[in-house]
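Student: Protein chains in written order, with numbering that gives the first Met the number 0: chain A, 0 to 694; chain B, 0 to 147.
Simulated from the structure, these hints should not be mistaken for lab results. On a predicted model such as this, the values are computed, not experimentally measured, just so you know. Some hints could be false.
Beta-carbon label-pair distances, calculated as ranges [stated by the list, open to error]:
no., chain 1, residue 1, chain 2, residue 2, range
1, B, Ala11, A, Asp617, 47 to 57 Å
2, B, Met0, A, Glu440, 30 to 40 Å
3, B, Glu111, A, Ala469, 41 to 51 Å
Sample of chain A residues lacking proximity to chain B, with all beta carbon distances greater than 10 Å (derived) [claimed, not checked]:
no., residue
4, Glu196
5, Ala516
6, Ile540
Where is the CB? At the ideal position from N, CA and C, for every residue including glycine.
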Amino acid sequence: MSDGHVDGAVRYAQDAELEGQWHAAFVRSPLPHARVRSIDTSALPRECVALLPEDVAGVGRYGCQLKDQEVLADPARFVGDVVAAAAAPTRAAAREAARRVQVDFEELPAVFDPITAVSEGAPLLHPEAGESAGDAVSIGVRPLAGTNVCHRFRLVQGDADAGFARATVTVEETFRTASAQHAPMEPHATAARWTPEGRLELFTGTQTPFNLRADLAGLFGLTEDRVRILAPPMGGSFGAKTFTRLEAVVACLARKAGRPVKAVLDRAEEWVTLNRHPAVVRVRIGAAADGTLLAKRLDCWVDTGAYADCGPGVATKLGYAGIGPYRIPNVRVDALAVYTNLPPNGAFRGYGATQSVWASERAMDQLAERLGMSPLALRRRNLLRDGDRFATGEVMHDVHFEECLDAAARAVGYERDPRGKGLCVLLKGMQTPSRAAIALERTPVGYVVRCASCEMGQGVRESVRLQAAALLGCEPGQIEVPDPDTDSSPFDTRTTSSRSTHMMGRALAKAVADLRANGGERGHGEIVNDGGIDPDTGQGIASTHWHQGAAAAHVDVDEETGRVTVEHLHAAVYAGRVVDRAGAELQNEGSMIMGVGTALFERIEHTDGQITNANLSDYNVPSAGDLPRRLTHELIEREGAEAHGLGETALPPVPAAIGNALGSLGLDLAELPITSERVLEAVGARDRPGAEAAT
Amino acid sequence: MTLRLVLNGRPAALDADPGETLLDVLRREAGLLSVRPSCGIGVCGACTVLLDGEPVSGCLLRAAQAAGREVTTVEGIPAEHPVRRAFAAEHAFQCGYCTPGMVLTVAGMLEETPEPSDEQIVEGLGGNLCRCGCYVKIHAAVRRAAAA
Chain A
0 MSDGHVDGAV RYAQDAELEG QWHAAFVRSP LPHARVRSID TSALPRECVA
50 LLPEDVAGVG RYGCQLKDQE VLADPARFVG DVVAAAAAPT RAAAREAARR
100 VQVDFEELPA VFDPITAVSE GAPLLHPEAG ESAGDAVSIG VRPLAGTNVC
150 HRFRLVQGDA DAGFARATVT VEETFRTASA QHAPMEPHAT AARWTPEGRL
200 ELFTGTQTPF NLRADLAGLF GLTEDRVRIL APPMGGSFGA KTFTRLEAVV
250 ACLARKAGRP VKAVLDRAEE WVTLNRHPAV VRVRIGAAAD GTLLAKRLDC
300 WVDTGAYADC GPGVATKLGY AGIGPYRIPN VRVDALAVYT NLPPNGAFRG
350 YGATQSVWAS ERAMDQLAER LGMSPLALRR RNLLRDGDRF ATGEVMHDVH
400 FEECLDAAAR AVGYERDPRG KGLCVLLKGM QTPSRAAIAL ERTPVGYVVR
450 CASCEMGQGV RESVRLQAAA LLGCEPGQIE VPDPDTDSSP FDTRTTSSRS
500 THMMGRALAK AVADLRANGG ERGHGEIVND GGIDPDTGQG IASTHWHQGA
550 AAAHVDVDEE TGRVTVEHLH AAVYAGRVVD RAGAELQNEG SMIMGVGTAL
600 FERIEHTDGQ ITNANLSDYN VPSAGDLPRR LTHELIEREG AEAHGLGETA
650 LPPVPAAIGN ALGSLGLDLA ELPITSERVL EAVGARDRPG AEAAT
Chain B
0 MTLRLVLNGR PAALDADPGE TLLDVLRREA GLLSVRPSCG IGVCGACTVL
50 LDGEPVSGCL LRAAQAAGRE VTTVEGIPAE HPVRRAFAAE HAFQCGYCTP
100 GMVLTVAGML EETPEPSDEQ IVEGLGGNLC RCGCYVKIHA AVRRAAAA
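Excised from the complex, chain A in its bound form (with noise of 0.2 Å):
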């Protein structure tokens, strides 16, 4: 890693200064439903420019897996909806401007969860159902017409009810996540200008610059040659900037300032920008009386908030990374993504894993109480196997999640003495299908790599150059691996889903073959994997590559006060092959401490759809001090086996695994995150006269 970070020398999207570049401001919606009747901006001050409505009538919709989203917003359908913008020479001019447009309201019924959003009689976000946006996304969307579900992922194995039929041991339980805001450090920003060509450009912080130029196309009905988008790295992401963001509005106020236009959000506009979806996941499960699993049924539903952007993606990974990497032979999920009148939600590390693995995991230490076992016995009892299948009807190859939940188990302690500790397991899967591709050609110096895959943090361009230089037999710093560019970078499905360390490496070998069997001036690889699965049925390909891994949890409760503290987290993360050490290891870090933030303090809190803690000291990341005391995790390797992706397998068992070491003490809970007052409310569910009986 180039310590241009160290000495601050990294420059990001907000760094962009283009040439006679303007600064935008939002006007906002301050109701979370509401048509907009009329704009006044009789009071703006000369030097400023307005996007209002009528600018934006001939420009189409935008979204990257339901069409459903506009320009400038009408109606309005969350609190910080953008139903116009201002450009001018400055920030602070910009936002003045903004201010002093009025707008006037009418005010329209609203719904701010989702299992209220799918009853009868809730107002309608988007009455006509949004166009699905085709190869821009690889699912099928499957919007419900008439109401807010914009789309439902259906999961059909074997026969669950025939299966619950034969259980002699059945648990049943909901459990809910809150939302959560990715806060990278660096926020939104977005450059654009209009080459005199009619070109668009656009310099952002991206994980997407593909999906953002097909997206951009569509809406200002270009081809996709006539959009650029160039990609300097990002100060954190985490999900948070994928897809069409700011884009699309700044790009239209350019073309009306007829100059650059700069867009940099302040802090509190994050959490009206993108947030994680909060979920409610009822989960059902059945085992006979020695543990074999027999059956299992998950209902979730996941509030993707007034847009559908990537929900449908993860409602439909939710649904299966629910299921957990067990056998079992009946199986059925129904996943709802729902609009609700919140902001957008979307990617997010551990994209739906997170929200699901806390209830199926929380779910079989339930069911391992019932049966009179031990947790860590009955997941062994059930665990995929390699040739196993899975629900989807797949086969598991390389399959490690035994050797990761032994290795967590072990890490505490856990045979030895289980109470205070709690153990989870995951499945996570890869974006499929999908398709990468890397163009090498040599300079005097080296060899310049070429390739989509987004630097925010995670290392990409680092791990890129490492396995370049050991295919290339040169040093790393021979090679030049310069910033997306939609113009000279080949063609990548996206930098999402811990998929570009693995993806990358097999384009790069392919490349480097290419380059020596063509005069070694030039290679190009591309690797392309099919697969996807059925929305209706949830048969197919879900991953062509399974991310692995398990974590094991020993807390500490003071009973008094309700605070947890976690004496001791591991995570065990199945690796394959191990490209960059440090860079590996900070993955599995960070995953871990923003697991910690989701299972004991992270949440979004609103009233009437008005966010309460938009700042970051009402809104808490992990500091420093919030650490486990504690903290530590292992990379298990396989001689000979390929990369894999790393970026988020340790988040999503960190909550299940803090939970069950509370389960353990007969402390039950059952929605994130663990705050004081809910363990208080479990010590006293637990001491309550009767409870014991009552189980």
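Assemble chain B onto chain A, guided by the hints.
Tutor: Same frame as chain A, now just chain B:
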């Protein structure tokens, strides 16, 4: 107004409005983009600078308050400084956005407490957030720098 101060060891005169923050002036007038906006309320430390050797949040400090004083950004910390070397050696960063602020905070911390205990390190880092979660390696970097 003209803000006169000692910036990274050299006298400097910068244009500033009286109400502006030091963060905005350092970025715009001095081109010091290592000083970074993030939370806007002085809790995250991404805009940390040393004011007469003490770590402060550039987003809270009015530029005028720096008049006549010594301001140090990471550009003023030499490459061979033990804290910079320790951060690089321990790979104590991911996206790097918070790193300049971390380096300055740790440099200030070690100036005051050359041999900090683990508790003092955790306390000293309390005002600097790293959303990538590099704290394990940052902690190791502080120990390494203290031992250098």
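Student: Next, verify each hint and record whether it holds.
Tutor: Quick rundown of the hints versus the structure:
1. Range check, alanine 11 of chain B to aspartate 617 of chain A: Cβ separation about 37 Å, and the 47 to 57 Å hint is violated.
2. Judged by the Cβ atoms, the range 30 to 40 Å given for methionine 0 of chain B and glutamate 440 of chain A is violated: they are separated by roughly 52 Å.
3. A hinted range of 41 to 51 Å for the beta carbons of glutamate 111 of chain B and alanine 469 of chain A is consistent with their spacing of about 44 Å.
4. Listed as outside the interface, glutamate 196 of chain A is consistent with that label: its C-beta sits roughly 31 Å from the nearest C-beta of chain B, beyond the 10 Å cut-off.
5. Annotated as non-interface, alanine 516 of chain A keeps its C-beta farther than 10 Å from every C-beta of chain B; the closest such distance is 36 Å.
6. At roughly 31 Å from the closest C-beta of chain B, the C-beta of isoleucine 540 of chain A stays outside 10 Å, upholding its exclusion from the interface.
Comparing the model with each earlier hint shows violations of hints 1 and 2; every other hint is respected.
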